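Colleague: Going line by line, the protein sequences match chains A and B.
Using our numbering, the letters of the first sequence map in sequence onto residues 1 to 210.
Using our numbering, the letters of the second sequence map in sequence onto residues 211 to 420.
Honestly, the hints are just simulated from the structure, not real lab data.
Only a predicted model underlies this, so the values are computations on that prediction, with no experimental measurement involved.
Among the hints, a few may not be true.
Said to hold, decoys possible - Once the Cα atoms are required to be at most 20 Å apart in a straight line, the calculated SDA-like pairs of lysine to any residue come out as: (1) A/K51 / A/V30; (2) A/K51 / B/K261; (3) B/K261 / B/T272; (4) B/K296 / B/A236; (5) B/K296 / B/V349; (6) B/K296 / B/A238; (7) B/K261 / B/A285; (8) A/K51 / B/K296; (9) B/K261 / B/R271; (10) B/K261 / A/G27; (11) B/K261 / B/L331; (12) B/K296 / B/R306; (13) B/K261 / A/R29; (14) A/K51 / B/V249; (15) B/K261 / B/R245; (16) B/K296 / B/A395; (17) B/K261 / B/S324; (18) A/K51 / A/A15; (19) A/K51 / B/A238; (20) A/K51 / B/A236; (21) B/K261 / A/A28; (22) B/K261 / A/N148; (23) B/K261 / A/R23; (24) B/K261 / B/A277.
2 protein chains.
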Amino acid sequence: MPRPARVSADRILDAAALEFSERGFAGARVDRIARRARVNKAMLYYHFSSKQGLYRVLLRRTFTLAAERIRAIAASPASPADKIDKIIAGFAAFIRERDFFPAIMLREVAEGGSRLDRETLLTLVAVPAAVAQIVQEGVARGTFRPINPLFAHLTMIAPIVFYLAAGSFLGEVGALLTHLQPLAADDFVHHMQDVMRRALAHDASPRQTS
Amino acid sequence: MPRPARVSADRILDAAALEFSERGFAGARVDRIARRARVNKAMLYYHFSSKQGLYRVLLRRTFTLAAERIRAIAASPASPADKIDKIIAGFAAFIRERDFFPAIMLREVAEGGSRLDRETLLTLVAVPAAVAQIVQEGVARGTFRPINPLFAHLTMIAPIVFYLAAGSFLGEVGALLTHLQPLAADDFVHHMQDVMRRALAHDASPRQTS
DNA sequence: GTCTATACTTCGATAGAC
DNA sequence: GTCTATCGAAGTATAGAC
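Full structure from sequences and hints, please.
Modeller: Below, the structure is given as structure tokens:
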């Protein structure tokens, strides 16, 4: 029984994810991707139109999966507060299943998304849209204070991406700074859930003056 | 009176900041940097040892200035809460004086700081160290709740970098999502100050159960 | 300090056999 | 579907005159 036909294409995508996340699009080398996938360059070009094309397929696939997962949470029957909790945990979990994701996302943000085609871009916008909808629902119900939904989205997503992108590097920094045990990712997720609960709660923190 | 000698070197650094922020180290082109600085390539190599060398000088200069500004705030006589406020505002102001900064920082994080030399890395670590010290002081005084200082640092810095890196791109996303007026950077700074005040405040947000 | 011309290398992509 | 060999463009860096 022969191996399934798409095996090598999948291996190429996996290798590309690694290479692009480590070096960025411009720094990635097609030769290295091929070698890592244990195919030769011609094979790569047989499956994918170009370096750009390979990159686009990878991003589209990944961002679509991420958006789906977030949308599923947003569509579930739960309180806005619970949904925010779950989105934070779900997003972190999604990343930890694919550690190539945060570095690529960071670089895309750095580039203003200029390398994303329109379709992928629209898919990706579904994530902040879902978060915004939840926030607005919470505000409408009176369980959240009034807050700019896009601000809320950035506040919860950015630290997670940073934290998980930094990975071992952050561990070194942390070792220089704290005497705490190695920073566990789960702890950070809980921290961010806590932060967002407080950020969205109807006023509880006392103002000093007036 | 002849022009000062370092004029062209400074122009090269300015051009390099732009080019590196738009394209990353690997995507940056020495020819383009030279053209943007209105010098020729040979001139660039007369002032700087290599593309790498130019990049390092740029980063060292920028990160040193950033660390100095944060340290000055940390050393000032103010309450921990005020210092956090000022660091958020000061960091955002620093970035807005150099819009090349966030994209470069994002890419460095994506790469795990592998392109920074040891000296620059140590300089940069001074920033989270300063924040951590303030947080710990607040915790010791009992004005902040116990919190991992490195978590606190990430929570406040990452969204600012994201927000200011995304710039116009975020504007488009925002236009698709909200009917609010264009997101002003000042509003976002206030938002993050608010978030951190709440995140650090001694418990005010009510827990649902138990 | 400044410029032109060019050496040398790397890299994306393809041709063409099997 | 898979491989070897190679082309041609682009890119970093330098030589050497002024």
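Colleague: Next, verify each hint and record whether it holds.
Modeller: Okay, the hints, checked on the actual structure:
Annotation: proposed proximity of A/K51 to A/V30 holds, straight-line Cα distance about 7 Å (limit 20 Å). For the proposed pair A/K51 and B/K261, the alpha carbon gap of about 24 Å is over 20 Å, so the pair is violated. With a C-alpha separation of about 17 Å, the suggested pairing of B/K261 with B/T272 holds against the 20 Å cut-off. A hinted pair counts as satisfied when its Cα atoms are at most 20 Å apart, and B/K296 with B/A236 does not qualify at roughly 35 Å.
Simply put, B/K296 and B/V349 have alpha-carbon atoms about 18 Å apart, close enough for the 20 Å limit, and the pair holds. Between B/K296 and B/A238 the alpha-carbon distance is near 34 Å, which puts this suggested pair outside the 20 Å criterion. Distance check on the hinted pair: B/K261 and B/A285 sit about 36 Å apart at the alpha-carbon level, beyond 20 Å; violated. Under the criterion of a C-alpha separation no larger than 20 Å, the hint pairing A/K51 with B/K296 is inconsistent with the structure, at around 45 Å.
Pair hint B/K261 plus B/R271 holds up; C-alpha atoms about 16 Å apart against a cutoff of 20 Å. Between B/K261 and A/G27 the CA atoms are separated by roughly 14 Å; this keeps the pair inside 20 Å, and the hint holds. A C-alpha spacing of about 19 Å is found between B/K261 and B/L331, which places the hinted pair at or below 20 Å, so the restraint holds. Straight-line distance between C-alpha atoms of B/K296 and B/R306 comes to about 15 Å, which keeps the hinted pair within the 20 Å bound.
Distance restraint check for B/K261 and A/R29: the Cα-Cα separation of roughly 19 Å lies within the 20 Å cut-off, and the hinted pair is therefore satisfied. A distance of roughly 32 Å separates the Cα atoms of A/K51 and B/V249; the hinted pair therefore is violated under the 20 Å criterion. A C-alpha spacing of about 14 Å is found between B/K261 and B/R245, which places the hinted pair at or below 20 Å, so the restraint holds. Restraint check: the Cα-Cα separation between B/K296 and B/A395 comes to about 15 Å, which is no more than 20 Å; the hinted pair holds.
Using a Cα cut-off of 20 Å, the hinted pair B/K261 and B/S324 holds, with the two alpha carbons roughly 16 Å apart. A hinted pair counts as satisfied when its Cα atoms are at most 20 Å apart, and A/K51 with A/A15 qualifies at roughly 13 Å. A threshold of 20 Å between alpha carbons decides the hint, and for A/K51 with B/A238 the separation of about 18 Å falls inside it, so the pair holds. Note on A/K51 and B/A236: the hinted pairing holds, with a Cα-Cα distance of about 15 Å set against a maximum of 20 Å.
Restraint check for B/K261 and A/A28: the C-alpha separation of about 18 Å stays at or below 20 Å, so the hint holds. Annotation: proposed proximity of B/K261 to A/N148 is violated, straight-line Cα distance about 42 Å (limit 20 Å). With a C-alpha separation of about 17 Å, the suggested pairing of B/K261 with A/R23 holds against the 20 Å cut-off. Straight-line distance between C-alpha atoms of B/K261 and B/A277 comes to about 24 Å, which puts the hinted pair past the 20 Å bound.
Of the numbered hints given earlier, the model fails hints 2, 4, 6, 7, 8, 14, 22 and 24; all others are met.
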